[in-house]
Amino acid sequence: MTAPATSKNDADFYKLRYLIIDDFENFRASMRQMLHGFGASTVEAASNGSAAIQQCTYGHFDVVLCDFNLGEGKNGQHILEELRHRKLLKRSSLFLMVTAETSKEMVMGAREYQPDAYLTKPINRAMLEKRLGGLIAQRSVLLPINREIDLENLPEAISLCIQAIPKFPRYRSWLMKTLADLYYQMGDYSHARKLYDEVLEQRDLSWAQLGRSKVLLAEQSYDQAELALKSLIQNHPDFMEAYDALAETLAHKGQLSKAQRVLEKAVELSPNALLRQKSLAHMATSNQDIEAAAEAWRRTVGLGAHSIHDDADHYLALGRALSELSDENLEETGQAKAEEALKILAKMEKRFSERSDLRVKSLLIQSRVHAGQKRGDEATKCLDMVTQDLDHGTMDASMGLELAKTLFRLDRHKDAEQLLGKLAQRFESNPEIIQQIENLLDEPVGFKQKLKARSLTRSGIKAFEDGELDKAAETFEAALEIVPSHAALNLNLVQVRIKQLSEGSQNPDFIRQCQRCLSALEHIPEQHRQYRRYTALRSKLETLV
Amino acid sequence: MTESHKNSRRQPDPENNIDFSMVIASAVHDMKNSLGMLLHSLDELRQEQASTLSGSSRFNTLQYETERVHSDLVQLLGIYRLGERTLSAHIEEHFVPDFLSEHLARHQPLLDGYNIKYDIESDDISGYFDDDLLTGVLNNTLNNAIRYTKGKILLTAHQRDGYLVFGVEDDGSGYPEHMQISGSVGFKSLDFKTGSTSLGLFFASSVAKLHRNGARQGFIKLHNRGTLGGGVFEIWIP
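Heads up: the sequence lines are chains A and B, in that order. Each step along the first sequence adds one to the number in the working numbering, with nothing skipped, and position 465 is 465. Each step along the second sequence adds one to the number in the working numbering, with nothing skipped, and position 206 is 206.
Certain hints may be false.
Stated by the list, open to error - List time: in silico DSS-like cross-link candidates among lysine-lysine, alpha-carbon distance up to 27 Å:
no.: 1; chain 1: A; residue 1: Lys448; chain 2: B; residue 2: Lys117
no.: 2; chain 1: A; residue 1: Lys499; chain 2: A; residue 2: Lys462
no.: 3; chain 1: A; residue 1: Lys499; chain 2: A; residue 2: Lys448
no.: 4; chain 1: A; residue 1: Lys265; chain 2: B; residue 2: Lys209
no.: 5; chain 1: A; residue 1: Lys230; chain 2: B; residue 2: Lys117
no.: 6; chain 1: A; residue 1: Lys230; chain 2: A; residue 2: Lys253
no.: 7; chain 1: A; residue 1: Lys414; chain 2: A; residue 2: Lys448
no.: 8; chain 1: A; residue 1: Lys253; chain 2: A; residue 2: Lys265
no.: 9; chain 1: A; residue 1: Lys253; chain 2: A; residue 2: Lys499
Stated by the list, open to error - Label pairs and their in silico Cβ distance ranges:
no.: 10; chain 1: B; residue 1: Gly83; chain 2: A; residue 2: Asp197; range: 52 to 58 Å
no.: 11; chain 1: A; residue 1: Gln224; chain 2: B; residue 2: Gln217; range: 47 to 53 Å
no.: 12; chain 1: A; residue 1: Gly59; chain 2: B; residue 2: Arg85; range: 52 to 58 Å
no.: 13; chain 1: B; residue 1: Ser56; chain 2: A; residue 2: Tyr58; range: 43 to 49 Å
no.: 14; chain 1: B; residue 1: Ser198; chain 2: A; residue 2: Gly59; range: 49 to 55 Å
The hints are simulated quantities; they were obtained by calculation from the structure and are not laboratory data. Only a predicted model underlies this, so the values are computations on that prediction, with no experimental measurement involved. We treat Cβ as the ideally placed atom computed from N, Cα and C, and that holds for glycine.
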């Protein structure tokens, strides 16, 4: 072996700066004593997360020993995330999580940041010296690599890793893992995959399976990624990151409800990761599963209390979901959700008082909540409070969409459509915003109606495919009663009627209906997803008339 | 995915159908953490009061029994998770001599207190295993060895027939005939009536089995053919 087993050298302990984070005075004192005993000279301590973060903001530490369970306030994982996220603690510094748990993955539920090592309680002097000595020796060997990573000089970090692999067999695992990840971050997927394959050839290791699956995902080999991740989860049902990757893969394949179920399983096993709850909330929202979305947003907001990932948008999203759920529901359950929405928005305004845009968005959602509870006066009042502050020519897209939604809800369809038209012009080069605008124009209704219209649309398409044209037309007509401006749906109906006409039907009502449908779409711009279909069907109709 | 998801949400009848194993598990969890605190205090006390406590057999018993219950509880939680099928081996590459010396360090104060000599005999190799699970098994085995040894314990790790073999040897009177096994211990073979349930062996065997490499699976071996003349516990990791 080229590297020393553990450094018995006091000098190694001496020159480093330590921070102990624990809520028990007793424990801090004994840790401090042990560290001094090993030769450490600079040892500081904090009793809670905020104090620890404060200390890391103004001071530099090489080794942080942090208890996971700190009682009220931030826990160890929150501290780790905040320190790494805000770059208050360099990659070249060690963060050691002290825990009484033997099953770490599930409790921490970490998604982004993991500690350099876990120390399992109870900890005695001999054990700490051995363990810490080993980690410090490792740190000094790997320091040049981590320094380059801190400087975001990834190519240099890569070449240092390659040089180190034959020299330090003891740290081979760390080096291989880091190297493969660096390749992945650089977008050099073929090298990353080669490395994972090399590791897997020797041994079926879960981190390498995950890494390889992520490469497959990045290379858009979704079927292969799905297969690999499913077998990984089967063998390691507590490997949370595999669930995240599988959900992402399924979402790419367009299987959104399956993706949602995977995330649901993951949060059931490990409920404490904010970002995972947030993914679930987004996924459920895309699936129009507003009940599940609200629950996931609720937990996201709750977990945000002490987290660096806390965001006012989570509160807004929860407010929106609750507003949808309480819409037109005047029973106790609906009232309670409306109440909760107003409460959560008030809480947000207080918590993020430095953000002026939030007050406006909050009022717009409040207006919809009141409207949904048949409190028209209050709904109008909330809307009126913001309209003079809003300039249609300069507001950002998210504000515009929020306002349009509220205008629709208050039955001011013309105003809403006008506003969206203006927004579409201003953001014509941004396909994501354009799509959101189109979606809102298509379906400016609550999620229950949306679901109903969508399910009608699906059965209409099925009937069309089965050749039952009358039934298809009827079903599309029913859907259009709910969402009359829906572009694709209007065209579906036109398509059915044209088929009937071309098969010999002489019904003049069919032509009139087609003309009505097409004129409803006259305003759609060229960049609309349905524009080409619209022009094609229009000219086809002209040949039949 | 759908079905297993639905089934995993157990809905106990609120009146009397209590999910007792879950109640037990969370109570065990609390007890384990309390004992962890207790062990920490005992360690400190031993250090602070070294002159009066270093040879105290009562203090050794206090620490030993606490240690034993603590590791029993850790093991119990492991068995609970085994039953829930949420226990899996997180296999990583570890440098074996480091792992063993870090492991032994935990027991050092007690071994010194009992005046038991200890040693590590390990090849300079890296191995693939779940260090948390192996720690659980070795803790139990070491506690057992401390109980039966006359004064010497040896921790070993060698490469043998393509397996990584961890061994715990003592110089006691060895395992009785009926306990000398090679292979695995099933849950059904546990005898809850006699009091000596061999739960530890069941756990060790389960942990061994969670370690797989291709078609090969880990197992345990108990015999009396060690260099110290007493019992030898071996866990074979493929």
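Here is how each hint holds up against the structure:
no.	hint	in the structure
1	Lys448/A - Lys117/B	violated (74 Å)
2	Lys499/A - Lys462/A	holds (15 Å)
3	Lys499/A - Lys448/A	violated (31 Å)
4	Lys265/A - Lys209/B	holds (26 Å)
5	Lys230/A - Lys117/B	violated (49 Å)
6	Lys230/A - Lys253/A	holds (15 Å)
7	Lys414/A - Lys448/A	holds (23 Å)
8	Lys253/A - Lys265/A	holds (19 Å)
9	Lys253/A - Lys499/A	violated (32 Å)
10	Gly83/B - Asp197/A: 52 to 58 Å	violated (36 Å)
11	Gln224/A - Gln217/B: 47 to 53 Å	violated (28 Å)
12	Gly59/A - Arg85/B: 52 to 58 Å	violated (46 Å)
13	Ser56/B - Tyr58/A: 43 to 49 Å	holds (46 Å)
14	Ser198/B - Gly59/A: 49 to 55 Å	holds (53 Å)
The structure fails to meet hints 1, 3, 5, 9, 10, 11, 12 from the earlier list, while all remaining hints are met.
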